[in-house]
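Residue strings, one per chain:
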Amino acid sequence: MTAVSLQKPENKKYKSKPFQNVQVPFYLTAVSCGFPSPAEDSLESPLDLNEHLISKPAATFFVRAKGESMIGAGIFDGDLLIIDRSRTPQSGNVVLAILDGEFTLKRFKKIKETVLLCPENEKFPPIKVNGNASFSIWGVAIHCIHKLT
Amino acid sequence: MNSQKVALADCNSFFCSCERVFQPQLMNRPVVVLSNNDGCVVSRTDEAKALGIQMGAPYFQIKDFCKRNNVAVFSSNYSLYGDLSRRIMKILAEWVPEMEVYSIDEAFLSFTGIKEEMLTDHAQKIRETLLQYTGIPVSIGIGPTKVLAKVANVVAKKNKLSTNCVYNLFENKNEDNILRKFPVEDIWGVGRKTAQKLSFHRIFTAYDLKYSNDKRIERTFTRPIRNIVKELRGQLCMELDLSAHDKKQIISSRSFGKPVFKMEDLQEAVAHHVSTAAEKLRKQKSIARAILVFIQTNAFKNTPQYHNSATITLLSGSSATNKLIKSAFCCLQEIYKTGYEYKKVGVIFMDLQKKSETQLDLFQMHDSAKDEVLMQVLDHVNATEGKSTLKFAACGIDPFWKMLSKMKSPNYSTRWGEIPKVNQ
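Protein chains in written order, with the working numbering: chain G, 1 to 149; chain Y, 1001 to 1424.
If you are wondering where the hints come from, they were derived from the structure by calculation, not from laboratory data.
A portion of the hints provided could be inaccurate.
Think about it this way: if two alpha-carbon atoms lie no more than 25 Å apart in a straight line, the pair counts; the simulated DSS-like pairs of lysine-lysine are [unchecked claim]:
hint, chain 1, residue 1, chain 2, residue 2
1, G, 56, Y, 1421
2, Y, 1344, Y, 1355
3, Y, 1421, G, 109
4, G, 123, Y, 1421
5, G, 128, Y, 1421
Keep in mind it's a predicted model, so treat the numbers as computed, not measured.
Next up, chain G with everything else stripped away, as it sits in the complex:
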């Protein structure tokens, strides 16, 4: 915002005095001088990570991973996961599942009618989802953001 200070009349004459308090907005478009930038015609918008990582913003949520069971899939304790609820879970996807009212992050495998939630760490056994457990898939994990520093 630019403003030009005007002088206030004193003794009915205009005197030059700095720091007067009447401000008049000064709206003029910038006057261009010299050569135009040769890059101007090829300007593109900067890269946007959101655009790269998220295809359905209205259906995308973030969660933070806790624990070690998915280390083999490159998901470590404290990593940020991008969950897309608009995707239909396919066998082989890493999903955020709800098993008996609890969130759990596992690789979803469906072999015929059998549903398996597989960890990717030898220390943890796969979970076979049996028919009477309450089970659903909250969303598909599409990216994992891991901090390196």
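Based on the hints, put chain Y in the right spot on chain G.
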């Protein structure tokens, strides 16, 4: 000729459903959400309804009952509900050519142009998509007018299992059977007082109203009621309001948790309300040219009563919190009287104008460049670090009158520090 088709999508127990999205263990448990200050029930799930918990029930009355019956109780978390609402409206907009966002959890959709036999199917697809994308269940009612779409919606909600949350009046050959069982006070746009008045005329159901005597209605009732009658008969009177207009005025007010006497305390509250309203003002890129401040005592209490308001006009308008607080204080100064037990205070910004459209006279004062930058920093910090991270000292450090929200859930989808942590 009438080929209009209107659908009303309305989220089921919206606030409770939002809480359930991020706490799946609540799925079959009764859930209620309380109003500001944890006053009374504003949202309840079917399980809570089945227990007999009434809408608007004061929390202190049902607190023990909730504990005994394993009811999950939440303070309202408007950041969470607002975010999910925004997502829902965005998804809906992809499904229909035109829609009117009617409230945080309802939208009228134009289904005109969709073949009659496809209507239910289309609504089911929308419902499934919303449930999958956001986790929020909705009910959809379809009819030739807004009023009938609303009736259909109520039918869908009351019979979730048999209708699968979609009810289409075009499929019903005997619509009047529904209207016969539909109490007049449940019709969209009929208030309690109107319902009372209608009952004097022996009009008790939507059916009675639909077939009421035109002349009598015309003589005794206002135009909105006459429009409702027409809409019940299938004549579209209320078009979808498609414009997403900026607010004409911005209000921020709240009752105190306990009585307030002192000027300084009122000032803190006023400063807080101005800050909240000014943030909204800047969001819609407007300036306010008038501020009204009001104070009132508790009308339900047997104490000396006083209420008053004052307005101040800002010559060239402003959206700078500091400037607005000063002006609001002038108003407060003018109306404050000692010796009263104040219950509520609030501010209203009026005469709003788009900043880009403001014309400045030669001697009008713009918000200074310094204020502009200050406001940008303020808004940025509060947007990224959470509400009220940065505020003016006039708002007080730990406001004693602060909202009670002891049982608020985290802002799962709008704050980095509060996103869900999931076990692997």
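Checking against the hints above, which ones are violated? 2
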